[in-house]
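Chain B: place on chain A using the hints.
Residue numbers (the working numbering), protein chains in the order written: chain A, 1 to 412; chain B, 1 to 412.
Do not take every clue at face value.
The list makes no distinction among identical chains, and a pair is therefore deemed to hold if it is satisfied within one copy or across any two copies.
To be verified - Derived lysine-lysine pairs resembling DSSO-like cross-links, with alpha carbons at most 27 Å apart:
hint, residue 1, residue 2
1, K29, K152
2, K68, K153
3, K68, K22
4, K388, K166
5, K406, K200
Treat the hints as calculated values from the structure; they're not laboratory data.
Number of protein chains: 2
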Amino acid sequence: MDNNLLAKYAKLTVCKGANVQKGQYVVIKAPYFAAEFARMCALEAYKREASYVECNLFDEQLTRLHYKYASEDELKNLPQWQYDKSKYAIDKGCCYIYITSPIPDVFNDVDAKLLADVNLAVNQKMKPLQYYTTNSVGQWTIVAYPNVKWAKKLFSDLDEDDANEKLLKAILQAVRVDEENDPNILWDKHDKDLLDHCRKLNEYNFESLHFVNDLGTDLYVGLVRDHIWAGGMEITTDGRKISFNPNMPTEEVFTMPDRNRVNGKVVATKPLCHNGKVFSDFSFVFKDGLIVDFDAKTEKEYLRQVLDMDEGTRHIGEVALISYDSPISNQNILYYNTLFDENASCHLALGACYPSNIKNGDLMDDEQLLANGGNISINHIDFMFGSKDMNVYGKTYSGEEIQIFKCGNFCI
Amino acid sequence: MDNNLLAKYAKLTVCKGANVQKGQYVVIKAPYFAAEFARMCALEAYKREASYVECNLFDEQLTRLHYKYASEDELKNLPQWQYDKSKYAIDKGCCYIYITSPIPDVFNDVDAKLLADVNLAVNQKMKPLQYYTTNSVGQWTIVAYPNVKWAKKLFSDLDEDDANEKLLKAILQAVRVDEENDPNILWDKHDKDLLDHCRKLNEYNFESLHFVNDLGTDLYVGLVRDHIWAGGMEITTDGRKISFNPNMPTEEVFTMPDRNRVNGKVVATKPLCHNGKVFSDFSFVFKDGLIVDFDAKTEKEYLRQVLDMDEGTRHIGEVALISYDSPISNQNILYYNTLFDENASCHLALGACYPSNIKNGDLMDDEQLLANGGNISINHIDFMFGSKDMNVYGKTYSGEEIQIFKCGNFCI
Numbered sequence: 001m002d003n004n005l006l007a008k009y010a011k012l013t014v015c016k017g018a019n020v021q022k023g024q025y026v027v028i029k030a031p032y033f034a035a036e037f038a039r040m041c042a043l044e045a046y047k048r049e050a051s052y053v054e055c056n057l058f059d060e061q062l063t064r065l066h067y068k069y070a071s072e073d074e075l076k077n078l079p080q081w082q083y084d085k086s087k088y089a090i091d092k093g094c095c096y097i098y099i100t101s102p103i104p105d106v107f108n109d110v111d112a113k114l115l116a117d118v119n120l121a122v123n124q125k126m127k128p129l130q131y132y133t134t135n136s137v138g139q140w141t142i143v144a145y146p147n148v149k150w151a152k153k154l155f156s157d158l159d160e161d162d163a164n165e166k167l168l169k170a171i172l173q174a175v176r177v178d179e180e181n182d183p184n185i186l187w188d189k190h191d192k193d194l195l196d197h198c199r200k201l202n203e204y205n206f207e208s209l210h211f212v213n214d215l216g217t218d219l220y221v222g223l224v225r226d227h228i229w230a231g232g233m234e235i236t237t238d239g240r241k242i243s244f245n246p247n248m249p250t251e252e253v254f255t256m257p258d259r260n261r262v263n264g265k266v267v268a269t270k271p272l273c274h275n276g277k278v279f280s281d282f283s284f285v286f287k288d289g290l291i292v293d294f295d296a297k298t299e300k301e302y303l304r305q306v307l308d309m310d311e312g313t314r315h316i317g318e319v320a321l322i323s324y325d326s327p328i329s330n331q332n333i334l335y336y337n338t339l340f341d342e343n344a345s346c347h348l349a350l351g352a353c354y355p356s357n358i359k360n361g362d363l364m365d366d367e368q369l370l371a372n373g374g375n376i377s378i379n380h381i382d383f384m385f386g387s388k389d390m391n392v393y394g395k396t397y398s399g400e401e402i403q404i405f406k407c408g409n410f411c412i
Numbered sequence: 001m002d003n004n005l006l007a008k009y010a011k012l013t014v015c016k017g018a019n020v021q022k023g024q025y026v027v028i029k030a031p032y033f034a035a036e037f038a039r040m041c042a043l044e045a046y047k048r049e050a051s052y053v054e055c056n057l058f059d060e061q062l063t064r065l066h067y068k069y070a071s072e073d074e075l076k077n078l079p080q081w082q083y084d085k086s087k088y089a090i091d092k093g094c095c096y097i098y099i100t101s102p103i104p105d106v107f108n109d110v111d112a113k114l115l116a117d118v119n120l121a122v123n124q125k126m127k128p129l130q131y132y133t134t135n136s137v138g139q140w141t142i143v144a145y146p147n148v149k150w151a152k153k154l155f156s157d158l159d160e161d162d163a164n165e166k167l168l169k170a171i172l173q174a175v176r177v178d179e180e181n182d183p184n185i186l187w188d189k190h191d192k193d194l195l196d197h198c199r200k201l202n203e204y205n206f207e208s209l210h211f212v213n214d215l216g217t218d219l220y221v222g223l224v225r226d227h228i229w230a231g232g233m234e235i236t237t238d239g240r241k242i243s244f245n246p247n248m249p250t251e252e253v254f255t256m257p258d259r260n261r262v263n264g265k266v267v268a269t270k271p272l273c274h275n276g277k278v279f280s281d282f283s284f285v286f287k288d289g290l291i292v293d294f295d296a297k298t299e300k301e302y303l304r305q306v307l308d309m310d311e312g313t314r315h316i317g318e319v320a321l322i323s324y325d326s327p328i329s330n331q332n333i334l335y336y337n338t339l340f341d342e343n344a345s346c347h348l349a350l351g352a353c354y355p356s357n358i359k360n361g362d363l364m365d366d367e368q369l370l371a372n373g374g375n376i377s378i379n380h381i382d383f384m385f386g387s388k389d390m391n392v393y394g395k396t397y398s399g400e401e402i403q404i405f406k407c408g409n410f411c412i
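This is chain A alone, in the form it adopts within the complex (with noise of 0.2 Å):
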C-alpha cells in the first residue's frame, strides 16, 4: 500500500470529514487490520491538538463466533459499561471516525433471528445516545478501507494483493485522493456543486415525487411540508457550528419522505449487504406508506426479521437523488457495500428519518417528527433503485409537474 496516498487520505478524513478541533475528544472505531490508517488518522487528529484519540479496533470474524457460540444472555445485556463508555465521549462532545471494510458473507452461517434479536437488544440499549451523530451534534464520518475478502468478491480474477490494491486505489479515486491534487481543496468544490443542487430543489419545494422505470419501479414519494434538501457537508446542531462530512465519498442529495404518503412499487438495482448478509433482487411494494408485500431472490427471511424489527423500518425516512452519470457510479464496481453503492445510485432508505431534513427537525421529539410525517425506527437501511432510464418528476404544491430526472440523469 502506498503510505504518501494513504496519509493523505488519513489527513482528507480527519479534516474535511471528522473536521477534528483542537482540545477535542476522538473515537476511531476500525478493524483491526486497519490499525495502521486508524493510527495516521490518530497522529492527523492529534496535529490539529485533539484531546485525545479512543481507537476501538474490532474483529467481525471474532464477532461471528460470539453470534455462534457466546451465551445468548452475554449477546443480548449489552454491559452498563459499553453505555457509559460512549456516553463519556459524548459527554466530552467529542467526533466519530468510522473506517468501515465490510467482509462479505461473514455471517452467513449466523442465525438469522439471533442476529436480529441481539441487534434489537443492543440498539434499544443504545438508543438514548443516537440522537448525537442523528442529529448532527457532534462530527462524525465514514470511510472506506479494503479488505483482502471484499477486494476478491469484486476482483475475483486478481490475487489477494493485487485485489487489495485495485479496491484502494478505486476507494481513494472515489474520495478525490490522488498524487497530484491536495484533496481538501477538491472537497471544498464539490461541497459547492452539492450545496447548489440542493438550494434548487429546496426552491422547488415539491409536494411529492414520481419515480419510474422499464425495470418494474413505478414509485410515488411523497415529501413532508418543510423538507430541506441537503447533501455532502453538514453543520452540527450544537452550539459550535462545525462543518464535517459524514460520508465519504458521498454524491447524494438527500430528503425526508412522508411516511405515509409513499405508493406503488420500487424494485431495488443493487444487492443490499446488511450485517454480513446479501439481499440481491428484492422489492417492496408500498400502500400509504407502509411496505404491505416485498420479494428477495436472497435471505428473503432474514429480510422478513429485519422489516419486522419494528414498525418504522416498513416505512421509508429519506429518498436520495445522485444521477447514473456519477464518478462512483462511472467506476461501474458494485461494492456490495451502502456507502460506495448509495452513491451511485438513487436510493431510498428503511428506517428512521434524518430531523435534519425538515425545517426545526433537531428541536422535535419522536411525537413531533411521527406528526409531520417523519419516520422513527432503531434501522436506517439504505437501499439502491436508480438505473439508466429512470425518471423522475416533482409535483409541486400548485399541481405543476416538473421533470428532475431523464434518463439516469438530473435535467433540473
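Frame of chain A, contents of chain B only:
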C-alpha cells in the same frame, strides 16, 4: 505462519494456560496484529463452552502517540467505565488470557516522567481490582506472540518474514508446542517436575539464601517465615480451585523474600525491558531490604523514576531459581522480554510480592503482609541476575548451610 501449530498453541493457552471452564467469562488482551491468534483462542474457549470471550485489541504504537500528544488530563484520569469494565468481568469470575508481543523501544521517545506518572495514576485507579490476579482468585495466563520489530531485534541478520518465523518457532519450542506431541501432556509432566522441586525446597524451609558469582553479585536474601515455594501450575484461591499456568513458558520456582532482610549487591545479567524502555548493565545495592544505591548503563534516569514510584518498588517481592542449564536458557536467545528471559535465569522482582508465597497469604491484608515481611507496591518488575558461575547457598533455621546451586545449576 503454520496455522496448525498456532491452533495447537491456542488450545494449549486455553486448556493448560487459562484452563477455561464451562460457562466462564473470558477476557483476552492482545496486540492488533495477533488478532487471528486471539480469535483461535476465542474459538478454543468457546469449544469449552465459555459464556463469552471479550477480546481487547490494542496498538502500542498508538499508545506512544497518546503519550506524545494527548492531554495530560486525559492520560492521567482513567475514565470510570474502564474500571467498571474490568469489574464487570471480575464479578463474573472471569479468567484472563494476555497475549504479549513486546515492541522494542516503542516508548523510547516518550517523556520518562510522564510515562511513570501515567502508570502510577492508572495503577492507583485500578488497584482495588488487582487482587483478582495477584491473589489468583481467578485464572490468568500470559503467552507470547511474535512481531517483526521484536524478531528483527533478536535476529537482525534475517529479513523481516524469516526473523518473525524464527521467533515464532523459538516461542513454540519454549512452550513445548511441536508437530509430533500433544503439548497438554508435556505440560502435565512439566508441571509435576516443578511441583517436586518446590516440595524439596519447602521441606528445607530455609531462613535465607546467599547468591554469589564472579560478576559482583554477593547478596543475602532473607525469606519470610512460612514462605512457600511455588512454580508452574497454580490453583485459584476462590472456592473453585481451578488449576492454571500463569506463565507460558515457565521454568522457575519462586518464593517470598523478607522485604527488610536483603543485603549486599546484585548485578543484573540481562537487560530489562520495561514500558518499552531498556535498562542494561544495571546493579542494585541493598541495605536491610532497601535499595540504597543503583547504577545502569542505559535509562538510569528513568530507572530512578520507576524506583521512586512508591516505597515498595525499592524493595523486592520475589526471588526465583532457574538452572542455567534450562530449556529456554539453552536456546541462547536474549528475548528482551521478561516472560522468556526470567525463565532462563535466576531473578528477583522489585515491588509486590505474591501473597500465595506465604502460608495464609491470601487471607492477609496489606498491613499483615508487610508485618510478615511481604512487600506491597503497584509494581512487580522482574530482573535477571543468574549466571553460569552462580553459587547459591541456603541457610536453615538450625544454622546449617546447604548448597542449592553449583556453577549455575540446581545441585540440591
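Quick check: which numbered hints come out false for this structure? none
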